[in-house]
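**Q** If you want the building blocks of each chain, they are given just below.
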Amino acid sequence: MAEREQLAEWLAATAEGDQKAFQQLYAATSSQLYALLLRILRNPERAQDALQDAYVRVWQKADTYAPERGAPLTWLLSIARYRALDVLRRKRPEVAMPEEPDMVATLLEDEQALSPLEENENQQSLDAVRHCLGTLAPQQRDSVLLAYYEGLTHQELSDRLGAPLGTVKSWIRRGLIRLRECLAERA
Amino acid sequence: MAESETQHAMTLRAAEYVLGTLDAEDARAFERELSNDAGARAELAYWEHRLGALGLALAPVQPPASVWQRIAAAMDADAPPHANVASGDFGRRGRRSGTGFWRGLAVAASVAAIVMAALLFGSSRQPEGAPASSGEPAYASVIYDEPTGMSWLVTAEAGSHEMSVVAMGDYPVPEGKTLRIWFKPEQGEPVLLGKLPHAGGKYKMKLSDTVAQAMDQPARLMVSMEDATRENINTPAGELMWTSPIARHTG
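From first to last, the protein sequence lines stand for chains R and B. Just so you know, we're using the working numbering here: the first sequence kicks off at 713 and counts up by one. Just so you know, we're using the working numbering here: the second sequence kicks off at 2 and counts up by one.
Calculated from the structure, these hints are not laboratory results. Glycine residues also receive a C-beta, built at the ideal position from the N, C-alpha and C atoms. Be aware that a few hints might be false.
Said to hold, decoys possible - Computed, partial: chain R to chain B, Cβ under 7 angstroms:
#1 Gln744
#2 Leu763
#3 Trp771
#4 Ser790
#5 Tyr860
#6 Leu873
#7 Leu888
Let the sequences and hints guide you as you build the complete structure.
**A** See below:
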């Protein structure tokens, strides 16, 4: 049951080269990062490679984490996700596993068992994003979620959703603007 | 009004950068913006945190134990010899003792760096007919910074998926920057090898299948100075610092 402060402590110790703290950080967070990498890359081997790369980066740049950048876990998730996008942009899987946009959209409506990590704060962050995504037009919400969970580019979103490229770009941008406004209203 | 529009556009760029929907050119432009603009960095952090919360909606999945073993091995490989337990990174942490030895070598390197590759080959010459991959370096390159006398000796064995990097001293890298080393075939685009360590010591770097197989073709090493925050890195975007041909041991 690692709270934000505990994760931040481990990150700070990792920045000082404390391997034990780094191992504790890994033990407490890797299952959440791995779940995201599996979701985006859809291949255990590639997800494991990306997970390894992500934590090697964490080891190397733990000192760049600043508490004002947000909760440690969301920072770690962003590192993992950048890694997954790198992998995707280099090489798309030969066999894509199509998924209906609705499945992604409903993901946020499920009462998923949240990781025990930083439960309260993360639950609030997730609740806020869930609520605000719910205020978006369906196409805007689907576009943002597909881009997040599958790492799709504008063009890939256009193909997937059967909409012109310009329209998809507009959905994404309007969706993000609305998301920002809504999150600000809740803050 | 104009300021508000500018802010609005920057917010969108940050959001789309985090989401991954910026095209490569716009992503690079935003990375340059990050290095100069605290507002852009704050927006980036905002969206990393906000969109990062979406990752929490997924039920955790335990990765296999082998992943940690690989990470631990990578940390060991990164750590310079005689490193403190606390050391394993390329420059930020408490450095190992003994950099004086490497500094001394750097002086020698500043006299005639390229000679070292020749000496290296000469000293490890195998009897005729010996297998090529008997531990001798088959490829070598010396990256040399004339103003500071700093140099790196890079060697690899034939067919190996690993190369050895000896940083002969500490090279000052500005805050927020990092050195990246690239393999540049004579015919072809640069391939990223990784972060070039800039603190004195010996390091190992992994080589992909593609690079390992291309090593016997004419090629150079290139080093660029990149923004440390730059994650999606496929081509050099920062200042090109040095290039050096890869010498081949022709026996």
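**Q** Against this structure, judge whether each hint is valid.
**A** Hints, one by one, checked against the model:
1. Gln744: The hint holds - Gln744 (chain R) has a Cβ within 7 angstroms of chain B, the shortest such distance being about 5 angstroms.
2. Leu763: Holds, because the Cβ-Cβ distance from Leu763 (chain R) to chain B comes to roughly 5 angstroms (cut-off 7 angstroms).
3. Trp771: At 6 angstroms from the nearest chain B Cβ, Trp771 (chain R) passes the 7 angstroms test, so the hint holds.
4. Ser790: 4 angstroms, holds
5. Tyr860: Nearest chain B Cβ about 5 angstroms off; hint holds.
6. Leu873: Status violated, d = 13 angstroms.
7. Leu888: Hint on Leu888 (chain R): holds, closest Cβ of chain B at ~4 angstroms, below 7 angstroms.
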